[in-house]
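Protein chains: 2
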Amino acid sequence: MTNKKDIGAQALDKHAEFRGKIQISLKDKIDDISKLSLYYTPGVGTVSGYTAKHPDETRNYTWLHNNVAVISDGSAVLGLGNIGPYGALPVMEGKAMLFKHFADIDAVPIVLNVHSADEIVAAVEAIAPSFGGINLEDIAAPLCFEIEERLKKSLPIPVFHDDQHGTAIVVLAGLINAMKITGRKLEDAKIVIAGAGAAGTAIIKLLHQYAKPSMFVVDSKGVVSPNRKDLNEGKKQLLEYTNPSGVDGSLEDIIKGSDIFIGVSQAGLLTQDMVRSMHKDPIIFAMANPTPEIMPDEAKKAGVRIMATGRSDFPNQINNAVCFPGVFRGALDNQVSNITDAHKRAAAEVIANLVKNPTPEFIIPSIMDERLVPAIADIIR
Amino acid sequence: MTNKKDIGAQALDKHAEFRGKIQISLKDKIDDISKLSLYYTPGVGTVSGYTAKHPDETRNYTWLHNNVAVISDGSAVLGLGNIGPYGALPVMEGKAMLFKHFADIDAVPIVLNVHSADEIVAAVEAIAPSFGGINLEDIAAPLCFEIEERLKKSLPIPVFHDDQHGTAIVVLAGLINAMKITGRKLEDAKIVIAGAGAAGTAIIKLLHQYAKPSMFVVDSKGVVSPNRKDLNEGKKQLLEYTNPSGVDGSLEDIIKGSDIFIGVSQAGLLTQDMVRSMHKDPIIFAMANPTPEIMPDEAKKAGVRIMATGRSDFPNQINNAVCFPGVFRGALDNQVSNITDAHKRAAAEVIANLVKNPTPEFIIPSIMDERLVPAIADIIR
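Residue numbers (our numbering), protein chains in the order written: chain A, 250 to 630; chain B, 250 to 630.
With the rest of the complex left out, here is chain A (with noise of 0.2 Å):
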């Protein structure tokens, strides 16, 4: 805890100093009164009056075709909840630093004042044609799946929910990679996961698409079940994926005997004595921010060789920063309007592959591997 506390006043510290980690800048000079001529009046009147004429062009002659609005109603910001714009405002510019330094893209941090779908969805169409692309980002589930739906549908540019897919993504990747080193099949294994939000929805549909494995998933109140009377649309959606025996019970109960926990909960659920009710070799994946649900030490002391966290200081960093970068290059370059679930399954495959040869503490690429852009953009077709 004590180096948690350093890192975050390092970082007030060099936000303040900086103020901001992103800027605007010029692609040509204005070295003398004749460039704005062209880039401003009257010059820029000729290119107006084309790219009113052929919409479709205008991203050959601004910005349009490498920029991607982040765009967040701060209503579910990294661990922190519903903390509002101004509370999302430094995340979002960070991601958008990570667009910049990772894939060269342009990314605009937008934080709304607006907090229902209806609201959301009309603030996004209203600006789209500003961008190249709408990353989602920390809006609170279920809210983010009907808004996500309803972008997709209506705007022509690519919208992509990072905290859904991007984690899915990328937890697949893993997944890929330590059934290798176990030699088992993600078909036959038993998951359980913990969290049925934004990031644990797009898992469970990820992995059911990809495997048809038998999954569970756990939310406060113990497994989701077809029983439950509480229930929210999206919670009610996951049975069909999920529990198809209609099962009750607690975390505890149900992760007996199963393969594999993937956690996007909360800090320390899983206790030792849950892990070695699991099967033989089992694999957590637990990424719960900035604390995991069992922290690595304590699941190697019960028996655990392959361990992923949300965590940079841990081996295998499950990170969606391996993923989104290249998904928005590949459907930027390619002008690919749609992310569809095909090509969520090929940059899993793709961002597997980059490990040749997978082991306990390394089944997940670094975000710092370069290949990994160029790799998924391709894929993105």
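Derived by calculation from the structure, the hints in this document are not laboratory data.
One or more of the hints may lead you astray.
It does not matter which identical chain is used: a pair holds within one copy or between any two.
[Said to hold, decoys possible] Here are the simulated lysine-lysine pairs, BS3-like style, with alpha carbons at most 30 Å apart: (1) 263 - 302; (2) 485 - 349; (3) 284 - 605; (4) 434 - 349; (5) 461 - 429; (6) 276 - 263; (7) 349 - 284.
Since chain A is already given, all that's left is putting chain B on it; use the hints.
Chain B alone, transformed into the frame defined by chain A:
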């Protein structure tokens, strides 16, 4: 006209070469993975927790202290009219370029797919927490008046419709110096304004506040008068400041004996005969773009000494870029959330005073004059 065609073709080439004029760049390098822990997770969590609790300090930890949105629905772009968001984007990106070049402000072009006052206001209000200021641009009159008024009331950040106020400020600055040269007083002048759109309206309001001159405004149907049945709300309001005796007539009628002509209308509207019918030593601001209401050589033949246009290839260019960079620099730096009429009058005087010895060919500082931004910013408090 050949020259104009050349500039347009060159502009298309340059825009295609660079594919846009602005990009995002990073304030600090991500030279190793530890930087990511500070600028993104986990460190940014501490920053977000802090800004969520202290929204007013978000500007000190993000780019909010230095960014503005340049927002248009594309309904009145340059002289091209209602050409929509894709037509507008090259102009808004050009404006962002000017913001950076002249005032080191990070401006983001936002073009809107909605066109009613309610929808535009809702969209801007929704995204407002992302920006330190709002520059409205190229929105058609009379909608632009209602939109600006509502946003100024509802938002805690400066909102400035540059087509209105930027133009009005620079026109007033030019007139202040023209009065010095001719030894006349603005309060005694008879002024004819051609064009009752966004710019014309703002010019009339600012001149009225500044000196209450005798003013007449002419639209495509003649002098705006209380006898006309076709006036929209915006034009009706202009009767508070113009045409006190309620006369009717054409431009040709009303311009007789006037001291000043201000054109924000269309090419070629003003004839040499009309100019000859004006008061001795008339002042002509012919700002239709790209071709003025009367060309400078024709005006000269009709006896005009003091002439301004919107063009950079003639003396006395009335260009908003003289004004808006300094206005926003001041508003951001001094945390001024409301650009008032007093600010506008003071800005005009500051601009005028930068010309130490006004002459007929030099009544307005060049947009390249580096004293402009600090001088204007200093009075926006």
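So which hints don't hold here, by number, going up? Per hint list: 2 and 4 violated.
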